[in-house]
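Residues per chain, in single letters:
There are 2 protein chains.
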Amino acid sequence: MSLKIAIQGIKGSNHHQVAKDFFGEDIELLECLSFDAIIDHLLDGTADKGIMAIENSIAGSIIPNYNLVYHNKIHIIGEHYLSIHHNLMALPGIALQDIKEVHSHPMALLQCKEFFKDYPQIKLVESVDTAETAKRIKEGQLANIAAIAPKMAADLYDLNIIAPEIQTIKNNATRFIILKKQNKVLPKEEINKASLRFITDHKRGSLATVLNVMSDCNLNLTKIQSLPVIETPWKYAFFVDVTFDEYEYFSKAKALLGIMSEDFTVLGEYKNALLL
Amino acid sequence: MSLKIAIQGIKGSNHHQVAKDFFGEDIELLECLSFDAIIDHLLDGTADKGIMAIENSIAGSIIPNYNLVYHNKIHIIGEHYLSIHHNLMALPGIALQDIKEVHSHPMALLQCKEFFKDYPQIKLVESVDTAETAKRIKEGQLANIAAIAPKMAADLYDLNIIAPEIQTIKNNATRFIILKKQNKVLPKEEINKASLRFITDHKRGSLATVLNVMSDCNLNLTKIQSLPVIETPWKYAFFVDVTFDEYEYFSKAKALLGIMSEDFTVLGEYKNALLL
Numbered sequence: 001m002s003l004k005i006a007i008q009g010i011k012g013s014n015h016h017q018v019a020k021d022f023f024g025e026d027i028e029l030l031e032c033l034s035f036d037a038i039i040d041h042l043l044d045g046t047a048d049k050g051i052m053a054i055e056n057s058i059a060g061s062i063i064p065n066y067n068l069v070y071h072n073k074i075h076i077i078g079e080h081y082l083s084i085h086h087n088l089m090a091l092p093g094i095a096l097q098d099i100k101e102v103h104s105h106p107m108a109l110l111q112c113k114e115f116f117k118d119y120p121q122i123k124l125v126e127s128v129d130t131a132e133t134a135k136r137i138k139e140g141q142l143a144n145i146a147a148i149a150p151k152m153a154a155d156l157y158d159l160n161i162i163a164p165e166i167q168t169i170k171n172n173a174t175r176f177i178i179l180k181k182q183n184k185v186l187p188k189e190e191i192n193k194a195s196l197r198f199i200t201d202h203k204r205g206s207l208a209t210v211l212n213v214m215s216d217c218n219l220n221l222t223k224i225q226s227l228p229v230i231e232t233p234w235k236y237a238f239f240v241d242v243t244f245d246e247y248e249y250f251s252k253a254k255a256l257l258g259i260m261s262e263d264f265t266v267l268g269e270y271k272n273a274l275l276l
Numbered sequence: 001m002s003l004k005i006a007i008q009g010i011k012g013s014n015h016h017q018v019a020k021d022f023f024g025e026d027i028e029l030l031e032c033l034s035f036d037a038i039i040d041h042l043l044d045g046t047a048d049k050g051i052m053a054i055e056n057s058i059a060g061s062i063i064p065n066y067n068l069v070y071h072n073k074i075h076i077i078g079e080h081y082l083s084i085h086h087n088l089m090a091l092p093g094i095a096l097q098d099i100k101e102v103h104s105h106p107m108a109l110l111q112c113k114e115f116f117k118d119y120p121q122i123k124l125v126e127s128v129d130t131a132e133t134a135k136r137i138k139e140g141q142l143a144n145i146a147a148i149a150p151k152m153a154a155d156l157y158d159l160n161i162i163a164p165e166i167q168t169i170k171n172n173a174t175r176f177i178i179l180k181k182q183n184k185v186l187p188k189e190e191i192n193k194a195s196l197r198f199i200t201d202h203k204r205g206s207l208a209t210v211l212n213v214m215s216d217c218n219l220n221l222t223k224i225q226s227l228p229v230i231e232t233p234w235k236y237a238f239f240v241d242v243t244f245d246e247y248e249y250f251s252k253a254k255a256l257l258g259i260m261s262e263d264f265t266v267l268g269e270y271k272n273a274l275l276l
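Residue numbers (UniProt numbering), protein chains in the order written: chain A, 1 to 276; chain B, 1 to 276.
The shape of chain A in the complex, shown without the other chains (with noise of 0.2 Å):
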């Protein structure tokens, strides 16, 4: 039986690019629209694993999707890491002239607005999924509008790239992070990431003496993200992900964290994705 894989978006998304990159050919799709449905199918059991942006090198972290995994106590079981490619396709023989509009995910219209300001005459709208308007415009032989989206979305949708990479910053990768509802326990030698979260006062040094005790438990700190904590005014709760050599320095790091911070938790222990 295939892998349930719950995905934002559609087929032909960045998402679904990370589910094959991850699992392979043998999976079934369930395409969520928004994030939180993602969640919702795996505390209902309907999806095996899910998948969730959660950082992009150019607009940082998706906070919410942070904290959609923390309090419904979603294990993160790994990561991976898409760079992302922003094509503009519309349907066969159509020219870049022909557009007069341009549909996608606001991100991905941000990602590429220094393109369009050659192109006045072309209306930027805004959609929810990269792939969706790939699929409307075919469904609908829709002649006068452009897609961005990745290329995977044309050959789903035979649709032309009329402008490859659009983007305005090449190096664009966004962190994807692989979900399940029960945590799935790997072998510790192949655990060397984690991500974390813990709450300290707002007290002079207080975060300084947590992040004193990572280094000295060897761990290296590769995001810190602070958040107000909504209902205790002056806490703040942060997110952080820290990378390790020897699953036993962060055994050492996990007792003592779980001392000194409040409300620790770990929202998952896995391996390291290379940075392509």
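By construction, these hints were calculated from the structure, which means they are not laboratory data.
Take the hints with a grain of salt, since some may be wrong.
What the hints assert, rightly or not - Derived SDA-like pairs: lysine to any residue, alpha-carbon spacing no greater than 20 Å straight-line: (1) A/113 <-> B/128; (2) B/203 <-> A/192; (3) B/170 <-> A/236; (4) B/100 <-> B/164; (5) B/235 <-> A/272; (6) A/235 <-> B/215; (7) A/223 <-> B/201; (8) B/203 <-> A/245; (9) A/235 <-> B/272; (10) B/235 <-> A/173.
Once you have looked at the hints, place chain B on chain A.
Showing chain B alone in chain A's frame:
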């Protein structure tokens, strides 16, 4: 002559409310449909000041806005917190059961989605600005569409609030920064907060070392956010906000951090605002 203030969105938006709160009634608003446009107005001198949302207690930081300020060498000269109230509004005489679509900014829709779970017949549609839909409803006399917008928009565009305060989390504050092209040098005794950006190497403990110095200089960290430096793998930029009691503490920290970190930049020194 009135102060010319560039805001994101149109009259009746949360940015408009902040402009009134911070600068009073005698202002001329420059309505912008993107954050970039605010920066453009400051750079070409058509606006005296700009107002930009920078973080929200639910969604976290708006990282691209930090980068806009940094890359364009704009100065942060103040901050303001606004408690966000989402109100559902429609033409007079229209009731909740008449509504077929609700249009608003994606963030407003996200923050109110629990409310709409009881009204599955209502379609949620993303728009660029909260107040803009309110204006469109008035101008087009659109009977079956409601907007989620601040109360000010209902007053300006003659709409009725058919459901007040529909946000799920009631304690929802957004922090705005006040921007100027040239730095506004405040008297030192009025300055007790600063926004900084610096880079550290991906070396174990390098951030902890910087935070130790800040703590030794009696600076309180109120926000920290890491962001990969896109052009150089394994380097991280940090956006940090600190508060302090005495400007001389900060002067000392500046001197040390300028030596210890790379590309140390003060984005602004200003007066800490109250989170009401």
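Practice task
Please flag the earlier hints that this structure goes against, numbers listed from lowest up.
Solution key: Those not satisfied: there are none.
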